[in-house]
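Number of protein chains: 2
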Amino acid sequence: MKLYDCTTAPSPRRVRFFMAEKGIDIELVQIDLAEGEHLGPAFQRVNPDCTVPVLELDDGTRITEIVAICQYLEEMQPEPRLMGRNPTERALVTMWTSKIENHGLGAIAEMFRNRAKGLSGRALTGPHKFEQIPALVDRGRTRLGHFFDRLNARLAESRFIAGDEFTIADITAFVAVEFAAWSKVTIADQQTHLKRWFDEIKVRPSVRA
Amino acid sequence: MKLYDCTTAPSPRRVRFFMAEKGIDIELVQIDLAEGEHLGPAFQRVNPDCTVPVLELDDGTRITEIVAICQYLEEMQPEPRLMGRNPTERALVTMWTSKIENHGLGAIAEMFRNRAKGLSGRALTGPHKFEQIPALVDRGRTRLGHFFDRLNARLAESRFIAGDEFTIADITAFVAVEFAAWSKVTIADQQTHLKRWFDEIKVRPSVRA
Numbered sequence: 065m066k067l068y069d070c071t072t073a074p075s076p077r078r079v080r081f082f083m084a085e086k087g088i089d090i091e092l093v094q095i096d097l098a099e100g101e102h103l104g105p106a107f108q109r110v111n112p113d114c115t116v117p118v119l120e121l122d123d124g125t126r127i128t129e130i131v132a133i134c135q136y137l138e139e140m141q142p143e144p145r146l147m148g149r150n151p152t153e154r155a156l157v158t159m160w161t162s163k164i165e166n167h168g169l170g171a172i173a174e175m176f177r178n179r180a181k182g183l184s185g186r187a188l189t190g191p192h193k194f195e196q197i198p199a200l201v202d203r204g205r206t207r208l209g210h211f212f213d214r215l216n217a218r219l220a221e222s223r224f225i226a227g228d229e230f231t232i233a234d235i236t237a238f239v240a241v242e243f244a245a246w247s248k249v250t251i252a253d254q255q256t257h258l259k260r261w262f263d264e265i266k267v268r269p270s271v272r273a
Numbered sequence: 065m066k067l068y069d070c071t072t073a074p075s076p077r078r079v080r081f082f083m084a085e086k087g088i089d090i091e092l093v094q095i096d097l098a099e100g101e102h103l104g105p106a107f108q109r110v111n112p113d114c115t116v117p118v119l120e121l122d123d124g125t126r127i128t129e130i131v132a133i134c135q136y137l138e139e140m141q142p143e144p145r146l147m148g149r150n151p152t153e154r155a156l157v158t159m160w161t162s163k164i165e166n167h168g169l170g171a172i173a174e175m176f177r178n179r180a181k182g183l184s185g186r187a188l189t190g191p192h193k194f195e196q197i198p199a200l201v202d203r204g205r206t207r208l209g210h211f212f213d214r215l216n217a218r219l220a221e222s223r224f225i226a227g228d229e230f231t232i233a234d235i236t237a238f239v240a241v242e243f244a245a246w247s248k249v250t251i252a253d254q255q256t257h258l259k260r261w262f263d264e265i266k267v268r269p270s271v272r273a
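The listed protein sequences derive, respectively, from chains A and B. Counting in my numbering, the first sequence runs without a single skipped number right up to 273 at its last residue. Counting in my numbering, the second sequence runs without a single skipped number right up to 273 at its last residue.
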């Protein structure tokens, strides 16, 4: 089993963080996104959607999409549980992870990919060229503000995002909050619950994976 | 257990389709999206993100996000399996469902929500106002073209989307392809594999749920 990775990108970091929590140690194959290696014909044969991470199983099966990869790893090595301990918890973990992907990481992608000079013509991931749309930079920033407020409200009522246990939803949100800082969006002073949670997560050794 | 639903919207239809395949019959509570009932204070207490479907359990727990709802129902009533029979299949079902949501339904939402006169100021779901961005209509149409090609290529190598069994990935893609027709995007004559698959799915009684 091996993971196609890029140490500088937030998406594969979510899987490395997840694996570090479980103590899973597998071969990492670095793909140089800065040099466009993910768009070349060799990597397109690995993943036609040109994204990392990709988990390649020993039988050659390739799993893309972060939640799918983590779900497979959770089944292979259940402890410590990072995706819920019973049907209700598992559903809530999936629910919160989906919300964070859509409203948090989605907003950050809008801001970042529609502005960065190095991403001209690459406003969306994948093999096709898409020009940047400047209006999405402001929209992404507004959405991200709402997302931080929503997380703060949630964390006023719950120790972790999906409930009383640390899960993949916390990994996803932590990576989003850290990545938001690249676009100069940081936790506001009045977002005290979000700050309490962030300070609790950031000391886990796995955040440096 | 009850489901907050809206019979005219594609998102809750995915859950009704899924339940019909399993023979699950629960109370449906209609929310009138056309009248903005999802944006009112009563429904915001059910789901602050103002979306249907929402599955409400007997203990009051509310699950939003379609895949989370279906995952819970799959655990409550495993047969017939619609989310994979083993870890690899389950990961591939999650992977394909995620791709279809991002590249298919995401593209359709861009086209539809940024153009429809009735959605002025409602370019994104949720409680906040977002103005339409006309450039996203064309981008969505281009993305949707790529998505149809991608599905056609996948279905050249596989009977169903995630493998040799009908799954939630097929439900998701079928609802996307049908909904695309509202924006006048239909299966092209040369997309023969997509057409073969669509014709096979459309005769299942569950598509009318």
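Some hints here could point you the wrong way.
Chain copies aren't distinguished; within one or between two, either way the pair holds.
Claimed, not checked - Computed cross-link-like contacts, SDA-like style, restricted to lysine to any residue with a CA-CA straight-line distance of at most 25 Å: (1) Lys181 - Asp253; (2) Lys181 - Thr206; (3) Lys266 - Asp228; (4) Lys248 - Gly227; (5) Lys86 - Phe194; (6) Lys181 - Gln141; (7) Lys181 - Phe224; (8) Lys86 - Ser162; (9) Lys193 - Gln108; (10) Lys66 - Arg218; (11) Lys181 - Asp202; (12) Lys266 - Gly104; (13) Lys66 - Ser247; (14) Lys193 - Phe176; (15) Lys66 - Asp123; (16) Lys193 - Arg149; (17) Lys181 - Arg126; (18) Lys259 - Gln94; (19) Lys86 - Ile251; (20) Lys66 - Pro151; (21) Lys259 - Ala106.
Treat the hints as calculated values from the structure; they're not laboratory data.
Results of checking the hints against the structure:
For the identical chains of this complex, Lys181 and Asp253 are neighbours neither inside a copy (31 Å) nor across copies (39 Å), given an alpha-carbon limit of 25 Å. When the C-alpha separation of Lys181 and Thr206 is checked against a cutoff of 25 Å, the pair qualifies both within a copy, at 21 Å, and between copies, at 23 Å. In this assembly of identical chains, Lys266 and Asp228 lie within 25 Å of each other by CA distance solely inside one copy; the values are 17 Å within and 43 Å between copies. Within a single copy, Lys248 and Gly227 get their C-alpha atoms no closer than 29 Å, and across copies no closer than 43 Å, so neither meets the 25 Å cut-off.
In this assembly of identical chains, the alpha carbons of Lys86 and Phe194 never lie at most 25 Å apart, being 38 Å within a copy and 40 Å across copies at closest. Neither within a single protomer nor between protomers do Lys181 and Gln141 lie at most 25 Å apart by alpha-carbon distance, with minima of 41 Å and 50 Å respectively. Taking the shortest alpha-carbon separations for Lys181 and Phe224, neither the intra-copy value of 36 Å nor the inter-copy value of 40 Å comes in at or below 25 Å. Taking the shortest alpha-carbon separations for Lys86 and Ser162, both the intra-copy value of 22 Å and the inter-copy value of 24 Å come in at or below 25 Å.
When the C-alpha separation of Lys193 and Gln108 is checked against a cutoff of 25 Å, the pair qualifies only within one copy, where the shortest distance is 15 Å, while the shortest distance between copies is 38 Å. For a Cα distance limit of 25 Å, the shortest separation of Lys66 from Arg218 across copies, 24 Å, qualifies, whereas the shortest one inside one copy, 35 Å, does not. Proximity of Lys181 and Asp202 under a CA criterion of 25 Å is satisfied in both settings, with 16 Å inside one chain copy and 22 Å between copies. In the homo-oligomer, the alpha carbons of Lys266 and Gly104 never lie at most 25 Å apart, since the shortest distance is 35 Å inside one protomer and 37 Å across protomers.
In the homo-oligomer, the alpha carbons of Lys66 and Ser247 never lie at most 25 Å apart, since the shortest distance is 32 Å inside one protomer and 41 Å across protomers. For the homomeric pair Lys193 and Phe176, the shortest alpha-carbon distances inside one copy (16 Å) and between copies (21 Å) are both at most 25 Å. Within a single copy, Lys66 and Asp123 get their C-alpha atoms as close as 11 Å, which meets the 25 Å cut-off; across copies the closest is 42 Å, which misses it. For a Cα distance limit of 25 Å, the shortest separation of Lys193 from Arg149 qualifies neither inside one copy, at 42 Å, nor across copies, at 37 Å.
Within a single copy, Lys181 and Arg126 get their C-alpha atoms no closer than 32 Å, and across copies no closer than 42 Å, so neither meets the 25 Å cut-off. In this assembly of identical chains, the alpha carbons of Lys259 and Gln94 never lie at most 25 Å apart, being 33 Å within a copy and 38 Å across copies at closest. Neither within a single protomer nor between protomers do Lys86 and Ile251 lie at most 25 Å apart by alpha-carbon distance, with minima of 28 Å and 44 Å respectively. For the identical chains of this complex, Lys66 and Pro151 are inter-copy neighbours only, at 17 Å across copies versus 29 Å inside a copy, given an alpha-carbon limit of 25 Å.
For a Cα distance limit of 25 Å, the shortest separation of Lys259 from Ala106 qualifies neither inside one copy, at 43 Å, nor across copies, at 30 Å.
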